[in-house]
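Kindly generate the complete structure, drawing on both the sequences and the hints.
Which chain is which? The protein sequence lines are A and B, in order. Using the numbering used here, the first residue of the first sequence is number 150, and each one after it goes up by one. Using the numbering used here, the first residue of the second sequence is number 2, and each one after it goes up by one.
Each hint should be verified, as a subset may be incorrect.
[Stated by the list, open to error] Calculated cross-link-like contacts (lysine-lysine; reagent style DSS-like; alpha-carbon spacing at most 27 Å): (1) B:K85 to B:K117; (2) A:K461 to B:K77; (3) A:K462 to B:K87; (4) B:K87 to B:K77; (5) A:K180 to A:K225; (6) A:K462 to B:K95; (7) B:K8 to A:K462; (8) B:K91 to B:K77; (9) B:K198 to B:K91; (10) A:K278 to A:K380; (11) B:K87 to B:K8; (12) B:K106 to B:K8; (13) B:K191 to A:K461; (14) A:K462 to B:K191; (15) A:K225 to A:K191; (16) B:K85 to A:K462; (17) A:K461 to B:K95; (18) A:K461 to B:K117; (19) A:K462 to B:K106.
Source of the hints: derived by calculation from the structure; they are not laboratory data. Here the structure is a predicted model, which means the values were calculated and not measured.
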Amino acid sequence: MNMKNFILPLFIILSGFFSLIKAQTPYDDPKNHACLKCHSSKIFSFLNEVTNAEQKRLMNPYYIMDTTAILLGVHKSFDCTDCHSYDYSVYPHDGKLKLQPMSSCLDCHGGDPTYAQYQFERIDEEFKKSVHFQVSGDHFSCASCHNQHTYKPTARNSGSIEEIVAFSNSLCLSCHNDMNRFEMISGYENPKIVQIHSWLPNQELHFKNVRCIECHTEVTDTLMVSHNILKEDQALRKCVECHNADSKLKASLYKYTNLQSRSDSSSVRSIFANQSYVIGAQQFPLLKKLSYLIFFMAIGGMIIHLIFRYLKK
Amino acid sequence: MNSENTKLYFYPLWLRIWHGINAVGIIILIITGISMQWGVESSFIEFQLAVNTHNISGVVLTLNYLLFFIGNFATKNISFYLIKPKGFSKRLMKQAHYYAFGMFKGAPHPFPLSEKRKFNPLQKLSYVVVMYLFVPFVIISGFALLFPEIIIDRIYSCSGVLITAVAHSAAGFLISIFLIIHLYVASIGKNPAENFKSIINGWHNIH
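Set out below in structure tokens:
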């Protein structure tokens, strides 16, 4: 093969490769992107065709995109108009475009064997049972919690529990700690998240280290993240559900409940009628086996002895 | 020998009261203890009721143990628990041999009970181990669990509270095994109910 015959195909392949990379990341240059040149900054400018003058406006803060987060998200290879109407390319945007229904996750991911491992259909079934869908119906969608623009499968890919907890809780808190978004969906003014959880000991510590969904979903073994968010009165309030698997958590809960009940009442009765208990202390498999062995040996020995007593009577 | 001579007043009233309270209390502790170890959902006694009953019974038995302890020293009852180390293992083997073989062949009791000897060597050892080792241990560990702030936070990488709870349960379990064997051995006699009657009326028949 001579040099010419080698360079030409290589050039074609490389140019095709680089054009592919460019096509995968349409947001590489936000300043020159048709949408992001406005939707990535607080202030945008446009040519007013009526007055023929350049004008500046403040961008609605909810419509400002985080371009860095978009590039880290799983949907970075899609351009805006792959999901939003192409008519948005024209400014001022046509008001009727807002009335068009948006695509849901299942429109792309449903029934596709490529995404079977993520169980989108199962998630949808679970979501339909959740209090979010039951109360709000179609006003509540995947996008209400999961921002498709910046979505990252953190729970699957992150090796840091702290990051997973913070990410997961940020989804809930995006409404439950935001008066505007909370009111828009629920109709109530104040999420009152702190007051509602006033019963929870060490509230701040729990919020930081435990995902909301640990207590607020119906856990299923076969789904990585349960999407059936339960009603308030069905949420888990049993401390021992978590504080029995780990010896550190077990001991901390025991000490907490013990000291708490004694501080609430200084009477002697509060000591003796203390209801705290070290759950699971007897659940060590080796000790359990050993205890069965000792028990059955004792019983067996007595039965044999009893038989001899009867026979030699 | 008339019937008066074959009976010894082995168990004075205070001892019988202590033993009665101890028996009922330990049975309650065992039942509630087993119930609790099944967990909140599966315990056969309502969980909080089991915890409360266990705690209260433990406290009552602690006071009762004080009665036993003081009573033993205030009377000569402590002498029955004293072990003379010399030849004790031989005496133990002799007694074990009697239970395993001798009693079936009609051999005489190697350590016949008398006013000076209330317990045979095996009884003596088991009572000393249980009453002066295991019971004080469950009392101390039980009270430590009532006041967990006195327990060391961590022993190496394990929680002090957890280790205390496990040790408390293990000692409780061994006391339960003792109780079962104790009840069985008590049934060995002229007739199975004889010893049980003795601990109620105080009189022990010497055959």
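Consistency of the hints with the structure:
1. B:K85 to B:K117: Given pair K85 of chain B, K117 of chain B holds - Cα atoms ~14 Å apart, limit 27 Å.
2. A:K461 to B:K77: violated (38 Å)
3. A:K462 to B:K87: violated (35 Å)
4. B:K87 to B:K77: holds (22 Å)
5. A:K180 to A:K225: holds (16 Å)
6. A:K462 to B:K95: holds (22 Å)
7. B:K8 to A:K462: holds (24 Å)
8. B:K91 to B:K77: holds (26 Å)
9. B:K198 to B:K91: Judged against 27 Å, a Cα distance of about 31 Å means the pair is violated.
10. A:K278 to A:K380: holds (10 Å)
11. B:K87 to B:K8: violated (30 Å)
12. B:K106 to B:K8: holds (25 Å)
13. B:K191 to A:K461: Holds - the C-alpha atoms of K461 of chain A and K191 of chain B are around 13 Å apart, at most 27 Å.
14. A:K462 to B:K191: holds (11 Å)
15. A:K225 to A:K191: holds (22 Å)
16. B:K85 to A:K462: violated (34 Å)
17. A:K461 to B:K95: holds (20 Å)
18. A:K461 to B:K117: violated (31 Å)
19. A:K462 to B:K106: holds (10 Å)
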